[in-house]
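Asks: Protein chains in written order, with numbering that gives the first Met the number 0: chain D, 0 to 364; chain C, 0 to 364; chain U, 0 to 364; chain S, 0 to 364.
Any given hint could be a false lead.
Identical copies go unnamed one by one, so any copy, or any two together, can satisfy a pair.
DSSO-like mimics (lysine-lysine), calculated; alpha carbons at most 30 Å apart, straight line [what the hints assert, rightly or not]:
| # | residue 1 | residue 2 |
| --- | --- | --- |
| 1 | K129 | K26 |
| 2 | K274 | K202 |
| 3 | K354 | K299 |
| 4 | K26 | K264 |
| 5 | K364 | K140 |
| 6 | K19 | K364 |
| 7 | K277 | K129 |
| 8 | K281 | K95 |
| 9 | K264 | K357 |
| 10 | K277 | K291 |
| 11 | K95 | K299 |
| 12 | K277 | K95 |
| 13 | K140 | K300 |
| 14 | K264 | K129 |
| 15 | K129 | K291 |
| 16 | K156 | K300 |
| 17 | K19 | K264 |
| 18 | K361 | K201 |
| 19 | K361 | K129 |
| 20 | K299 | K156 |
| 21 | K201 | K95 |
Read the hints as simulated data drawn from the structure, not as lab findings.
4 protein chains.
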Amino acid sequence: MSFFLAVCIALPLFSQARGKIDIPDLKGYVTLKCDFHIHTVFSDGKVWPTVRVDEAYREGLDAISITDHIEGTRNKSNILFISHNHSYNVAEFAAKNTGIIVIKGGEITRSMPPGHSNAIFLTDVDELDKPDYMDAYRAAKTQNAFIFWNHPGSESKSFGQPDTTLWWPEHAKLLEQGMLHGIEIVNGGKYFPEAHQWCLEKKLTMIGNSDVHAPMPVAAPGMHRPMTLVFARSATPEAIHEALFERRTAVYLNEFIIGEEKYLKELFENAVEWKIEKTDLKEELLVTVRNKSDLTFHLKKTNHDPRVVYFRNISIIPYTIAPQATQTFTVRLLDGISSGDVNFIVENFISEPNKGMKYTIKVRK
Amino acid sequence: MSFFLAVCIALPLFSQARGKIDIPDLKGYVTLKCDFHIHTVFSDGKVWPTVRVDEAYREGLDAISITDHIEGTRNKSNILFISHNHSYNVAEFAAKNTGIIVIKGGEITRSMPPGHSNAIFLTDVDELDKPDYMDAYRAAKTQNAFIFWNHPGSESKSFGQPDTTLWWPEHAKLLEQGMLHGIEIVNGGKYFPEAHQWCLEKKLTMIGNSDVHAPMPVAAPGMHRPMTLVFARSATPEAIHEALFERRTAVYLNEFIIGEEKYLKELFENAVEWKIEKTDLKEELLVTVRNKSDLTFHLKKTNHDPRVVYFRNISIIPYTIAPQATQTFTVRLLDGISSGDVNFIVENFISEPNKGMKYTIKVRK
Amino acid sequence: MSFFLAVCIALPLFSQARGKIDIPDLKGYVTLKCDFHIHTVFSDGKVWPTVRVDEAYREGLDAISITDHIEGTRNKSNILFISHNHSYNVAEFAAKNTGIIVIKGGEITRSMPPGHSNAIFLTDVDELDKPDYMDAYRAAKTQNAFIFWNHPGSESKSFGQPDTTLWWPEHAKLLEQGMLHGIEIVNGGKYFPEAHQWCLEKKLTMIGNSDVHAPMPVAAPGMHRPMTLVFARSATPEAIHEALFERRTAVYLNEFIIGEEKYLKELFENAVEWKIEKTDLKEELLVTVRNKSDLTFHLKKTNHDPRVVYFRNISIIPYTIAPQATQTFTVRLLDGISSGDVNFIVENFISEPNKGMKYTIKVRK
Amino acid sequence: MSFFLAVCIALPLFSQARGKIDIPDLKGYVTLKCDFHIHTVFSDGKVWPTVRVDEAYREGLDAISITDHIEGTRNKSNILFISHNHSYNVAEFAAKNTGIIVIKGGEITRSMPPGHSNAIFLTDVDELDKPDYMDAYRAAKTQNAFIFWNHPGSESKSFGQPDTTLWWPEHAKLLEQGMLHGIEIVNGGKYFPEAHQWCLEKKLTMIGNSDVHAPMPVAAPGMHRPMTLVFARSATPEAIHEALFERRTAVYLNEFIIGEEKYLKELFENAVEWKIEKTDLKEELLVTVRNKSDLTFHLKKTNHDPRVVYFRNISIIPYTIAPQATQTFTVRLLDGISSGDVNFIVENFISEPNKGMKYTIKVRK
C-alpha cells in the first residue's frame with residue numbers, strides 16, 4: 000500500500016535545488032543578483048544566518064550581505080555577544096561549496112538624520128560599534144567599505160522619519176567626506192523616486208534590497224525578492240566591490256528594472272531579438288520578437304509618424320513581451336513610405352524617476 | 000498497491016464544479032456575469048455548443064449567448080444545415096438544471112462598414128439570413144432584439160477594417176433607425192477607447208465579450224474571461240433584456256471594470272468597507288479597508304491638502320487592495336488640522352476612456 | 000504607470016491569513032490539530048520562537064509545543080542562557096489573540112537507550128536539566144507532564160540508534176514507573192509500525208509530530224505538516240492534557256490517518272454521507288457519497304458476495320473520494336437478491352500497523 | 000496606466016508552446032508518446048479535429064489517431080456526411096509543420112461481443128462501414144490495419160457489457176483470423192488487469208489511450224493523459240506500424256508504466272543512474288540516485304539478507320525517486336560482509352497484472 004500524493008508534492012517545497020534568474024550579462028560584465036540588506040537573529044531578524052544562505056541558494060542569488068544592526072536590538076537580551084562578525088562567520092561557513100558570495104557587513108542604526116546606513120565589505124564589524132555615528136562611518140571608510148543610506152523614505156515614525164523624503168545636511172557632509180557611496184532607491188517592496196533623482200544628480204550608486212527579517216517565503220514562479228543587479232568583471236567579492244564604487248548597478252523590483260539608461264538599454268537589447276519580414280499584404284511587416292530572458296517587458300507606443308501603424312489597440316493594456324517567449328505584431332507603412340520608426344516606451348524599465356525608457360525600432364520594407 | 004498522485008490531482012482538472020465570481024450587487028439590481036459573443040462548430044468555432052455551457056458553468060457565468068456567424072463560415076461544408084437556431088437549441092437543452100440562461104443570438108457578418116454585429120434575444124435566427132445587411136438588421140429589430148456592434152477596432156484587414164477605429168455613416172444610420180443599441184468596447188483581450196467615448200456620447204450600452212472560438216482554457220485562480228456585467232432586476236432573460244436597453248452594464252476585463260461612473264462608484268462602495276481609528280501617535284489615523292469581493296483595486300493618490308499625509312511611497316507601484324482581504328494604511332493630519340480628504344484614483348476602474356475613477360475618503364480625528 | 004503582477008502575487012506569500020484544516024469532530028469532543036515537537040534557535044532550530052506561532056497560524060493548527068533540547072545543542076555557544084523556559088515565553092507572548100495554544104515543553108535528549116523524549120505541560124523546564132536522565136523524567140512526572148518517546152525508529156547513528164527499531168528495558172522501566180505515556184509513531188515524514196504496535200499493546204498514546212528545525216515551508220493546497228489529532232472536550236490546555244492521558248488521539252501524515260479503529264471509524268462516518276437510490280436499470284443502485292471534510296479516502300473492495308457487483312475496475316488505482324466532493328458509483332444486485340454488503344478497505348486509514356481499516360456499506364433495493 | 004496581472008498570467012493558458020514528456024529511449028528505438036483513441040464532432044466528440052492536434056502539440060505527444068465511431072452516433076444528424084476519412088483529413092492538414100504524426104483510424108462500434116475495436120493505419124475508413132461487423136474487420140485487415148479491442152472491462156450496460164471482464168469466443172475467432180492485434184489494457188483512467196494477462200498469454204500488443212470526447216483540459220505540471228509508449232525504430236508512421244505489430248509498447252497511466260518486464264527494466268535503467276560510495280561510518284555506504292526522466296519511481300524493499308540494512312522506515316510510504324531529481328539513501332553492511340543485494344520492487348512499474356517490478360542493486364564496500 001502506497002500513498003504518494005503528499006510525498007511527491009512535498010519534495011519541491013522542502014528541497015533546495017539551486018534557483019536561476021535569467022538576466023543577460025552586459026558587454027565585459029557578468030550580471031550578479033545581490034541582496035545587501037538582510038537580518039538574522041543576531042539583530043532583530045527571525046532566522047539563523049544559515050537560513051539566509053539556503054534562501055539565496057534556492058532563489059538563485061550570487062551574493063548576499065548579512066547586515067545585522069550594530070546597535071542594541073530586540074533580540075539582544077537573548078543572544079550571547081561574541082562579536083558583530085559572528086552572523087557573517089556562520090553564514091560564510093554555510094556558503095562553502097554553494098557558489099554564493101557572502102560579504103561582511105553591518106547596519107549603522109541611528110535616528111534620522113542620518114537614519115540607517117549599511118556598510119559592506121568590512122573587515123571587522125566590531126570597529127563600527129561607536130557612540131558617535133561619525134566615528135562608525137569613519138571606521139567603515141578606514142576599512143574601505145562601501146556605504147549606502149537605507150530606506151531614505153521610510154515611513155517609520157519611531158526612527159524619527161519626517162513626513163517627506165529629505166536630503167539632510169548630514170548626508171551632504173557624509174558624501175563630502177567620502178563616507179556615502181550609494182542609496183537604497185528600493186527597500187522591500189518600496190521605491191523612492193526622490194532617492195533615484197539624488198543618485199542621478201550626485202553620482203551615487205543605486206541599490207535595491209529586501210531588508211528581510213522573517214523567513215523568506217518560497218517564491219512563486221516568476222516572483223523574486225527585491226535585489227541589486229551588479230555588473231561586475233567577474234563573480235568575485237573584489238569585482239563586486241569595484242562595480243559598486245563604479246556605480247555599475249541596476250535595481251530589480253517586481254517587474255521593474257530601475258537604473259541608468261545606458262545599462263537598461265543594454266539589458267533590453269541583450270534580452271530581446273527582433274526579426275522584421277514582409278507579409279502577403281502589400282503595406283504590412285511582421286515583427287517577431289524573441290525574449291531570451293526571465294524579464295517581462297511592457298511596451299506602449301509614443302509619438303510617431305501617423306503613416307507607421309502599430310500597436311493599434313494598446314492603451315490601458317500595454318503590449319507585453321512575456322519571459323522566454325517568441326511573439327509577433329504587425330507594422331503597416333502607409334502612403335507608400337518604405338521605412339519608419341516604431342517608437343515606444345518600455346514602461347517597466349525606469350530610467351528616470353517614475354518614467355519608463357524610450358526606445359525605437361527602425362523598420363524597412 | 001495504490002497510486003494516488005495522478006488521481007487526486009486529476010479531479011479538479013476534469014470536474015465540473017460550479018464556479019463563482021464574487022462581484023457586489025447594486026441597489027435594486029443583481030450583478031449578472033454574461034458573455035454575449037461565443038462561437039461553436041455551427042460557424043467557425045471549434046467546439047460543440049454543450050461545451051460552451053460546461054465552460055460557463057465552471058467559470059460561474061449567469062448568462063451566455065451563442066452567436067454563430069449567420070453567413071457562410073469555414074466549417075460550413077461539413078455541417079448539415081438544419082437551422083441557424085440549432086446551436087442555441089443544443090446549448091439550451093444542455094443548460095437545463097444548471098441555472099445558466101442561454102439567449103438566442105447570431106452574428107450579422109459583413110465587411111466594414113458596418114462590420115460585424117450581434118443580435119441577441121432573437122426568436123428566429125433564420126429570419127436574419129438575408130443578402131442585404133439592412134434587411135438582416137430590420138429582421139432583428141422586428142424580433143425586438145438587442146443589437147450591438149462587435150470589435151469596432153478590429154485590426155483584421157480581411158474584413159475591410161481601416162487603420163483607425165472609425166464611426167461610419169452606416170452606424171449613424173443604424174443608430175438613427177433604432178437598430179444599434181450597444182458596442183463592444185471590449186472584445187477578447189482588447190479595449191477600444193474610441194468606442195467607450197461613443198457609448199458615453201451617443202447613449203449606447205457598453206458591452207464586453209470573449210468572442211471565443213477555441214475551447215476556453217481552464218482559468219487560473221483569479222483569472223476570468225472578458226464579460227459584460229449586467230445590473231438586472233432579477234436573473235431572468237426578460238430582466239437582462241430590459242437592463243441592456245436601459246444601459247445598466249459595465250465591462251470586466253482582466254483587473255479592469257469599465258463603465259459609467261455611477262455604476263463603478265456603487266460597485267466600489269459595495270465591495271469595500273472603511274474603518275478609521277486613532278492610533279497611539281498624536282497625529283495619526285489608521286485606516287482599515289476590507290474588500291468583500293473578488294475584485295482588486297489599485298489606488299494612487301491625487302492632488303490633496305499637503306497637511307494630509309498618506310500613501311507616502313506610492314508612485315510606480317500603486318496601493319493595491321487584494322481580493323477578499325483586510326488591509327491597513329495610515330493617514331497623518333499635520334499642523335493641528337482635525338479632518339481632511341484622502342483623494343485618490345482607482346486606476347483600474349475606467350470611468351472615462353483610458354482614465355481611472357476619482358474617489359475621496361473623508362477622515363476625521 | 001502601474002505594475003501589478005508582482006504585488007498581487009506576492010500578497011498570498013507574505014500574508015498571514017489564518018489557515019483551516021477541515022477534519023470532523025467526534026461525539027463529545029473537538030478535533031484539535033497539534034504539533035508537540037518543534038525546535039527554535041534556543042536549541043538547534045533555525046528560527047525565532049515567534050516564527051513557530053506565525054507558521055501554526057498560517058497552517059490552521061490549534062496547539063503547539065516548542066520542545067527545544069534541554070541538553071547542550073549546536074547553537075548553544077551563541078545563545079545567552081536565561082532559562083529553558085525562554086523559548087516558550089517568547090512564543091506564548093506572540094500567540095496572544097491568535098487562538099493558538101502554546102504548551103510548555105522540552106526534549107530530554109539522551110543516546111539510545113532511552114533515546115529522546117518530549118515532556119510537555121511542564122511548569123518549569125529548568126528542573127529537567129539534570130545529569131542523570133532518570134532525574135529529568137522524575138522532575139517531569141512531578142510536574143504532571145505528559146511524556147512521550149520520540150522517533151523510536153530513527154536511523155541516526157550519532158544518537159546510538161541500532162539497525163532495528165527496539166523496545167528496550169529502559170522503556171519498560173519508564174513505563175512501569177509512570178514516566179512514559181506515549182510514543183511518536185510518526186516523526187517528520189516517517190511512520191514506525193513497530194511503535195504503532197507497542198501503543199496498541201501497552202496502551203500508550205499515539206503521537207505524530209513534525210520535529211521541524213528549519214523554517215516551515217508554505218504548504219501547497221492540500222498539504223500539511225505531520226500532526227497529532229487530539230479529541231478534546233474543549234480547546235483548552237487542560238482538555239488537551241486530559242485527552243492525551245486518555246489516549247484520545249490519532250496521527251495525520253500526508254493522506255493517512257493512523258490510530259485506534261474506534262476513532263478512525265467515527266472520523267470516517269462524520270466526514271462522509273451516503274445516499275443509495277434505484278436507477279432506471281432493474282438491478283442497479285446508485286450510491287452518492289458526499290465528503291464534507293478536507294480528508295481524502297482511498298477505497299479498495301475486499302471479499303464479498305459475488306452477486307454484489309461494484310468497483311469493477313478498481314485494482315492498482317483505488318476508488319478515491321476527493322476532499323469536499325460529491326461523487327457517485329453504481330452497485331448491481333444480481334440473481335434477484337434485494338440487498339447486500341459493499342465491503343471495502345479504507346487504505347489510508349491505518350487502524351493496525353501497515354493495515355487499512357475495513358468498512359461495509361449495506362445496500363438495499 | 001498598465002494592468003499586467005491578467006495579461007501575463009493569461010499567456011501560458013492560451014499559448015500553444017510545444018510540450019515535452021521526458022521518458023528515455025530504448026537501445027535502437029525512440030520512445031514515442033501516442034494516443035490512438037480520440038473522438039471529434041465527426042462522431043460523438045465535442046471538438047473540431049484541429050483541436051486534437053493543438054492538444055497533442057501542447058502536451059508533447061508524437062502521434063495521434065482520431066478514431067471516430069464509424070456507425071451512427073449522437074452528433075450525426077448535424078454533420079454533413081462527406082466521408083469517414085474527413086476528420087482525419089482535417090486533423091492531418093492542421094498537423095503540418097507541427098511534427099505530430101496523424102494516423103488514419105476509426106472505431107468499429109458494436110455491442111458486446113465483440114464490443115468496440117479501433118482499426119488504425121487505414122487507407123479508407125469508408126470501407127469499414129458495413130452491416131456485418133466481420134466484414135468491417137476484414138476490410139481493416141485488407142488495408143493492413145492494426146486492430147485492437149477497446150475498453151474490454153467497460154462498465155457501460157448500454158453496450159451490452161456483462162458484470163465481469165470476459166474473453167469471448169468472438170475474440171478468439173478474430174484473433175485466429177489475424178484480425179485482432181492488441182487490447183486496451185488502459186482506457187481513460189481505467190486499467191484492466193484481465194486484459195493485461197491476455198496480452199501476456201496470447202502475445203497481443205498492450206495499448207493505453209485517453210478515449211477523450213470533451214476538450215482535453217490543460218494538464219497541471221506532472222500530469223498527462225493516458226497513452227501508449229511505442230518503441231519505434233524512428234518517428235515515422237511506418238515505424239509505429241512495425242512496432243505495434245512487434246508488440247514493442249508500454250502503457251503510461253498516471254504514475255504507472257505497465258508493460259512487458261524487458262521494456263520496463265530498460266526504461267528504469269535508462270532513466271536512473273546509481274553511484275555507491277563509502278561514508279565515514281565503517282559499515283555504511285551512501286547510494287546516490289539520479290533520475291534523468293520525468294517519471295517517478297516508488298520503491299519498497301523485499302526479502303533480503305538481514306545483514307544488508309536499508310530503507311529502514313519504508314512501509315506504508317515508499318521510497319520515492321522524484322522526477323529529474325538526485326537523491327541519496329544509506330545501506331549498511333553488518334557482520335563484516337563486504338557486499339550484498341539491495342532488493343526492492345518498483346511499485347508503479349507493473350510488469351504482471353497488479354504487480355510491481357522486482358529489481359536488485361548490488362552494493363560492495
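Asks: Within a copy, between copies, both or neither: where do K129 and K26 come within 30 Å Cα-Cα?
Replies: Neither way: K129 and K26 sit 42 Å apart in one copy and 64 Å across, limit 30 Å.
Asks: Within, between, both or neither: how does the pair K140, K300 come out at a Cα-Cα threshold of 30 Å?
Replies: This pair counts as neither: shortest intra-copy Cα distance 47 Å, inter-copy 40 Å.
Asks: Using 30 Å as the alpha-carbon threshold, which applies to K95 and K299: within, between, both, or neither?
Replies: Answer is neither: 45 Å inside a copy and 35 Å across each miss the 30 Å cutoff.
Asks: Can you give me the call for K264 and K357, within, between, both or neither, at a CA distance of at most 30 Å?
Replies: Classified as within; 9 Å inside a copy, 35 Å across copies.
Asks: I want to check one pair: K156 and K300. Are their C-alpha atoms no more than 30 Å apart within a copy, between two copies, both, or neither?
Replies: For K156 and K300, the Cα distance is within 30 Å only across copies (21 Å; inside one copy 42 Å).
Asks: From the Cα coordinates, with 30 Å as the cut-off, is the pair K201 and K95 best called within, between, both, or neither?
Replies: neither (38 Å within a copy, 48 Å between copies)
Asks: Under a CA distance limit of 30 Å, which applies to K281 and K95: within one copy, between copies, both, or neither?
Replies: Answer is between: at 26 Å across copies they meet the 30 Å cutoff, but 62 Å inside does not.
Asks: Within a copy, between copies, both or neither: where do K129 and K291 come within 30 Å Cα-Cα?
Replies: Answer is neither; intra-copy 49 Å and inter-copy 51 Å both fail.
Asks: Is it within a copy, between copies, both, or neither that the alpha carbon of K277 lies no farther than 30 Å from that of K291?
Replies: within (24 Å within a copy, 43 Å between copies)
Asks: At most 30 Å between C-alpha atoms: does K364 with K140 qualify within a copy, between copies, both, or neither?
Replies: neither (58 Å within a copy, 47 Å between copies)
Asks: Using 30 Å as the alpha carbon limit, work out where K299 and K156 are close: within a copy, between copies, both or neither.
Replies: Between copies only: 22 Å across, 39 Å inside.
Asks: 30 Å Cα cut-off: does K361 pair with K129 within a copy, between copies, both or neither?
Replies: Answer is neither; intra-copy 58 Å and inter-copy 47 Å both fail.
Going through the hint list in order, the structure does not satisfy hints 1, 2, 5, 6, 7, 11, 13, 14, 15, 18, 19, 21.
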